[in-house]
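**Q** Sequence:
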Amino acid sequence: MIVIGVILLTAILALWAITTGAIRFLGTDDDPEPGGGAGTTQPTVGSTAAVTEGDLEMQLRSVRPAGPGKLGVTLTVRNRTAAYVSFYGESQELVSPDEHTVSGAVGLTSLEPRESATVTVVFTVPADFRADELELHAAPGSPGRRIPLG
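Numbering (the numbering used here), first residue to last: 85 to 234.
One thing to keep in mind: the hints can contain errors.
Here are the computed distance ranges between Cβ atoms for each label pair [claimed, not checked]: (1) Glu199 to Met85: 36 to 44 Å; (2) Pro224 to Glu199: 17 to 25 Å; (3) His184 to Ile88: 48 to 56 Å; (4) Arg214 to Ala166: 37 to 45 Å; (5) Ile86 to Ser200: 39 to 47 Å; (6) Ser146 to Glu183: 18 to 26 Å; (7) Thr132 to Asp182: 19 to 27 Å; (8) Val186 to Ile88: 19 to 27 Å.
Source of the hints: derived by calculation from the structure; they are not laboratory data. Think of the CB as a built atom: it goes at the ideal place given N, C-alpha and C, for glycine as much as any other residue.
Model the full assembly from the supplied sequences, consistent with the hints where possible.
**A** Listed below in structure tokens is the structure:
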């Protein structure tokens, strides 16, 4: 009986830590390692003005290679509310001039009320893909706001 109680307590604490952002294993707050950007067309950072979408304020910091066929987009994300919210990496999109899109890798960053975090979203891009804009979404299915790149 004690073993079951310890397992349940551990599961509850792990769930709490993940949902409150105490443990962030699905996303990363670190910049990707430079180099190894073969096959990626490197856009430059265009607008660096913060945009507001839903409960989040997001500001583009950098775009850089994150390995072969990958781009890392670093953002500062701020929760504008008094409630807990999450930032979903897979909801973010790179947009080409002909409106083709590439979604970010799965990643979740939980933000406490009024908290800011630096988040890097990694995109796997086809060899011929040219990113023209970044479309940022506060939540899956939200309208999004576009930021021009280089």
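**Q** If a hint holds in the structure, say so; if it doesn't, say that too.
**A** So, going through the hints one by one against the coordinates:
1. Glu199 to Met85: 36 to 44 Å: For Met85 against Glu199, whose Cβ atoms are near 39 Å apart, the range 36 to 44 Å holds.
2. Pro224 to Glu199: 17 to 25 Å: At 20 Å between Cβs, range holds.
3. His184 to Ile88: 48 to 56 Å: For Ile88 against His184, whose Cβ atoms are near 51 Å apart, the range 48 to 56 Å holds.
4. Arg214 to Ala166: 37 to 45 Å: holds, 40 Å
5. Ile86 to Ser200: 39 to 47 Å: holds, 42 Å
6. Ser146 to Glu183: 18 to 26 Å: holds, 24 Å
7. Thr132 to Asp182: 19 to 27 Å: With a Cβ separation near 25 Å, Thr132 and Asp182 satisfy 19 to 27 Å, so the hint holds.
8. Val186 to Ile88: 19 to 27 Å: violated, 45 Å
This entry does not satisfy hint 8, going by the numbered hints stated previously; all others are met.
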